[in-house]
Amino acid sequence: MYRRSFLKGLLWFISARIFSRNGVTRAIASTNPDTTATTHANGKSIIKGYDPTRHRYAMGIDVDKCIGCNRCVEACTVENDVPPEPFFTRTWVERYVIKKDKSVHVENISNGSDGPKERLEEADILRSFFVPKLCNQCENPPCVQVCPVGATFSTEDGVVLIDSERCIGCGYCIQACPYGARYLHPKTRTADKCTFCYHRIVKGMLPACVEVCPTGARVFGDLKNRASRLVRFERMNKIHVLKPHLNTHPKVYYADLDGEVR
Amino acid sequence: MSPESFHTLYKLLGSVSGFIYPNELEIRWSILIVVYPYVTGLVAGAFILASLVKVFNVKDVQPVYRLSLLTALAFLLVAPLPLQAHLGRPERAYEIFLTPNLSSAMAMFGFVYAWYLMGVLLLEMWFEYRRDLVVWSREEKFPMSWIYWILSLFSRDVSERAVKFDMKAVRTITIIGIPSAFLLHGYVGFIFGSVKANPWWSSVLMPIVFLMSAIVSGIALVIVLYMVLIPLKGGKIDMKCLDTLTSYLFYAVIVDFSLEALDFIHRLYESEESIQILGVLIADKLMISLVVIQILLGMLIPAGILVAVKSMKFDPELRKLLYFVSAILIQIGIFSTRWNVVIGGQLFSKSFRGLTTYKMEMMGVEGLLVALVFLILPFIILGVLVKIFPPWKASELGEAKTS
Amino acid sequence: MFERIPEQIRRLAIVFVIVIGGTVVLRYFVLPPSLFETRLHRESTIQREVAKQVKFAGTTVCGGCHEDTATVKRKGFHKNLSCESCHGPAAMHTEDPMTVKPFAPRKRKFCPLCHEYDPSRPTGFPQINVTIHNPLKPCITCHNPHHPEPPTVPRECSACHAGIARTKAVSHHALIACTTCHRASRKHKVSPRRVKPTKPDTREFCGKCHREGSKRKDAPKIDLSTHGERYLCWECHYPHMPGVA
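Residue numbers (this note's numbering), protein chains in the order written: chain A, 1 to 262; chain B, 1 to 403; chain C, 1 to 245.
Hints listed in this document are in silico derivations from the structure and should not be mistaken for laboratory results. Just so you know, even glycine gets a beta-carbon here, dropped at the ideal spot from N, CA and C. Heads up, none of these hints are tricks.
What follows is a list of derived Cβ distance ranges for each label pair:
hint : chain 1 : residue 1 : chain 2 : residue 2 : range
1    : B       : 384       : C       : 35        : 31 to 37 Å
2    : C       : 107       : A       : 126       : 32 to 38 Å
3    : C       : 222       : A       : 239       : 39 to 45 Å
4    : B       : 15        : C       : 37        : 45 to 51 Å
5    : B       : 373       : C       : 24        : 31 to 37 Å
6    : C       : 103       : A       : 100       : 38 to 44 Å
7    : C       : 10        : B       : 231       : 37 to 43 Å
8    : C       : 95        : A       : 139       : 35 to 41 Å
Quick partial rundown of chain A residues pointing at chain C, CB under 10 Å, derived from the structure:
hint : residue
9    : 52
10   : 163
11   : 202
12   : 208
13   : 215
Just chain A, with the same shape it has in the complex (with noise of 0.2 Å):
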């Protein structure tokens, strides 16, 4: 008993500092690994030196800043070995063209395809964008909510995962999610979508999508760290979401998004 709030204690301690915290979260995780397991009642931790708690992960989006490289995706499927058929995907790129008639025109450029379907001409163009889409780690996510057997669920760092060896591929997550960022892995019969990179983030790398992109358009940090990076961009950004009106809270912020994107 004793021991136990001494150790709430220390962790208090811990979080106060919040400046120096990851050097001194590293100090005692490596001293004394049972700190880090807060929250779990067998008192370990599942990752050895790493407490969950203290992390709350997001991805920001500069939209201004995206090139329509494919970088990203590419990066992606590698990483983390997504079937290369272009109708299964974790990321992906958009390319809006919004006409002098107002009329919208969308394509998807990452799927292997080689330029847009016609070329458009440029007086005609009012304004031209990309938008990188991937699963928007919702904080009220549908896809939670939907899966009968309790597969995927929420981290307490704020990602949605899928257990593989659990999900029956019943598609009601696929169904439920509004954003078309699930597909059933055509190996293994299970849903699958992005994870944030979920074994190079808690190793303290970026997700692979984020490593990669030349410009900077996708900013990945932790919520909780006022010294993240995505912290300092929603700062300096307005910030918008894909379809708040859903109240699904994404965890995926974009920055200038345009009206039209859905």
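Got chain A; can you put chains B and C on it based on the hints?
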């Protein structure tokens, strides 16, 4: 997934109109998921028809009471099969009982199904058939006598008091059974109606529309079965029963049509963000299955026929023919309703900017052939059930003959 | 007491007790409790996720060995670019540097993935027209990808501002040189982001041709004192395609 299905999907890429999210190309819920609500609807409909006799004391439809129960059971036994077959990992289906996610509408399937099968349908049938089972176990030869005896749970009591208790029990169970049947099918509607991401599905009316169309299809099915089975058994069709049944069918069609019309008008009037793509969906993809088959063939024409039959004095043979035709048309119409909900809801992109296409497989697990098997299987089961548990006594068949 | 319960109920009760009891026994005594433990399932999922192989090593790792390249790159326009954006996943290379070599793009078609002119790309992002920009030459013959600067100062604005040049070429202003309206210092050509070219900052500038009484015969005329007096001309008219927007 086989290379062939990839090949099909690559071909589909070319037939996409407008823009869809990349993962939306493949129609995830295929023909099997069309069959599932159709079959469950028949269960609920047939059961509710049976309840008319017991709860509301509609004596005219007594001749189809047992048939309705047997029909409900035959279809209920098949109902989970298309679901099971369509799963990506069918061998893991048991998990739905191990770790049901309480916030998931689908997780409740196992429990609703088990309750309806064990708590309602089998129980009611047992009380209804118990006396006969005892009698048959005495009359029939081995091994049937043993089967009947085991099914009667070794019961021997056929005293008037016991039979009276049976009837009371049947009535009580039916009273519980009606909300259960509503639950069974309303819940199927809820699975679709609660998907907020999909404006074609997301509607509070969905469970009620499902329920009404279930009643319509259930009554129509029992009418068809009655008209086919009685002559096969050498009996004579009770026209009074048939007239009453078709009256109920007509009322149900009217309510169902009004609800669907309300849903349609409501959507049109609210004219939300999605209205444009839904308009294109109907015009481009669902013209035949929605406007022609579901509304015209499956609803307006049979309703018109029924009005004509009720208002004019046709002779019984013509009446029978017209009833039969309208019941078949309604059946096709309701199947089309399920198709339009399930497939229609996946044909348009959630970006509201484009449509994909559904190419039905023929031979695969999620193909037409398997779907047909699941549609035919209940009739085979029903055939066996009718053989083991005759819904009509010889005297009843004969009575009809003399009258 | 027991006798008063109808026979049917007693028989059914036995069946129900067997079914429910069987379920309870199965649930609590036969099946291992771990099957029902959602928490365990989640933990093992997380463990499986975390155990997945990392393929992209991350750009900080590269600098550990390739110090010279990293130093060069740090000063150029590609300073924020991850090494693996061009060289591909290199985690295997970090584990076994001698046998596994990362990809090194040398072909002409690679750089245009980012730098080919595309009307949807943000303005100001350096883009070329691949068909006319030194055809057939691999990009790296002139540009050092780790420190990409134009080998010679571009002679023409269209080398970078291809989009604007294409628009202007079909407009009424086709024959007006860029330098008529913009003054671009030499520094802009070397550090385009840091030193920006000028834009006309008075209404009178456009008025030289477009004011009533101007000598230009073919230019449409307006009364500068009454026509949109509070705004600069280019705040409403797009000078590279006047009269259209």
